[in-house]
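Residue numbers (full-length UniProt numbering), protein chains in the order written: chain A, 1 to 143; chain B, 1 to 143.
Don't take every hint at face value.
In this list, chains with the same sequence are indistinguishable; a pair is considered to hold if it fits within one copy or across any two.
As a list, the in silico DSS-like pairs of lysine-lysine whose alpha-carbon atoms are at most 27 angstroms apart [as the list claims (entries may be wrong)]: (1) Lys14 to Lys44; (2) Lys66 to Lys44; (3) Lys40 to Lys90; (4) Lys91 to Lys123; (5) Lys40 to Lys123; (6) Lys128 to Lys44; (7) Lys123 to Lys14; (8) Lys90 to Lys66.
Since the hints were made in silico from the structure, they are not lab data.
There are 2 protein chains.
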Amino acid sequence: MDQFMNEAIAEAKKGQAHGGIPIGSVLVREGVVIGRGHNKRVQKNDPILHAEIDCLRNAGRIGSYKNTVLYSTLMPCYLCAGAVVQFGIKKVIAAESSNFAGASEFMTAHGVEVVDLDLDSCKQMMSKFIHDQQHLWLEDIGQ
Amino acid sequence: MDQFMNEAIAEAKKGQAHGGIPIGSVLVREGVVIGRGHNKRVQKNDPILHAEIDCLRNAGRIGSYKNTVLYSTLMPCYLCAGAVVQFGIKKVIAAESSNFAGASEFMTAHGVEVVDLDLDSCKQMMSKFIHDQQHLWLEDIGQ
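Pulled out of the complex, with its shape left as it was, chain A reads as follows (with noise of 0.2 angstroms):
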């Protein structure tokens, strides 16, 4: 499997640990990690630290998103992918979107390349979670 996307696996795994909601994501700039990060929603009591949201933060203030690749453990939702054409992100790289269809087509017709990878085991430890806490991911995507 792509070792990005193994990093953002270990990110959401970490948030897991930590009683959060496992969604994970990595920056990358010519094959190198520039950010890294988490959901925590529940670990800082904070609803806007989606992961792909605490990942560009981490990256801190890089001026320049031309060549980055943002890698996410689910579809990114609107408000992380709002951030990706804002700041002019050109291609995301999702685990998955069956748990959560996302802000594909949005990406995608702002002109970001968006590349589903479709992985059962993302899948699976998403699924698993919406199962068991429901509430928590019912509040995290505003519903």
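Guided by the hints, dock chain B onto chain A, whose structure is given.
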């Protein structure tokens, strides 16, 4: 003028006084301000802390965004508009959109009522900032 926009403007000025980007925001539910914030890219060295994001963050985990209205001194960009759409905020009031068109059409297409107050004072505040610190402004919107 709308008292809530006045509070958003006060946030923008607070940010400006601290050397930040002068954009402020408040979240209102049933006539009560439940969150407020301003752009803190400079102050916190954080690329994600747009005014609206800071505001939503400070509002905390409110669960449902039903009956909330988001005020901003500038038309929200895709990042902030993505949060509006994802969290189900149904009304956005912006002080102006002449310095930045933002993601108004995107929000409208997702059923958000978008109001543009077209306030001269806010247009002047923002245009002066963009003129004086263009590099910072372009960084903020990912350009």
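Quiz item: Between Lys40 and Lys90, at a C-alpha cutoff of 27 angstroms, which is it: within one copy, between copies, both, or neither?
Solution: Both, since 25 angstroms and 25 angstroms are each at most 27 angstroms.
Exercise. Indicate which option fits the pair Lys128, Lys44 if close means a Cα-Cα distance not exceeding 27 angstroms: within, between, both or neither.
Key: For Lys128 and Lys44, only the intra-copy Cα distance (22 angstroms) is at most 27 angstroms; the inter-copy one is 36 angstroms.
Self-check item: Homomeric proximity label, Lys14 with Lys44: Cα distance no greater than 27 angstroms
Solution: For Lys14 and Lys44, the Cα distance is within 27 angstroms both inside one copy (14 angstroms) and across copies (25 angstroms).
Quiz item: With identical chains treated as interchangeable, where does the CA-CA distance between Lys90 and Lys66 reach 27 angstroms or less: within a copy, between copies, both, or neither?
Solution: within (7 angstroms within a copy, 33 angstroms between copies)
Quiz item: Are the CA atoms of Lys91 and Lys123 at most 27 angstroms apart within a copy, between copies, both, or neither?
Solution: within (21 angstroms within a copy, 34 angstroms between copies)
Quiz prompt | Within, between, both or neither, where Lys40 and Lys123 count as close if Cα-Cα is 27 angstroms or less | solution = For Lys40 and Lys123, the Cα distance is within 27 angstroms only inside one copy (20 angstroms; across copies 36 angstroms).
Quiz prompt | Copy assignment of Lys123 with Lys14, given that the CA separation must stay at most 27 angstroms | solution = Only inside one copy: Lys123 and Lys14 sit 17 angstroms apart there, 45 angstroms across copies, limit 27 angstroms.
Quiz item: From the Cα coordinates, with 27 angstroms as the cut-off, is the pair Lys66 and Lys44 best called within, between, both, or neither?
Solution: Between copies only: 23 angstroms across, 30 angstroms inside.
In summary, this structure violates none of the numbered hints.
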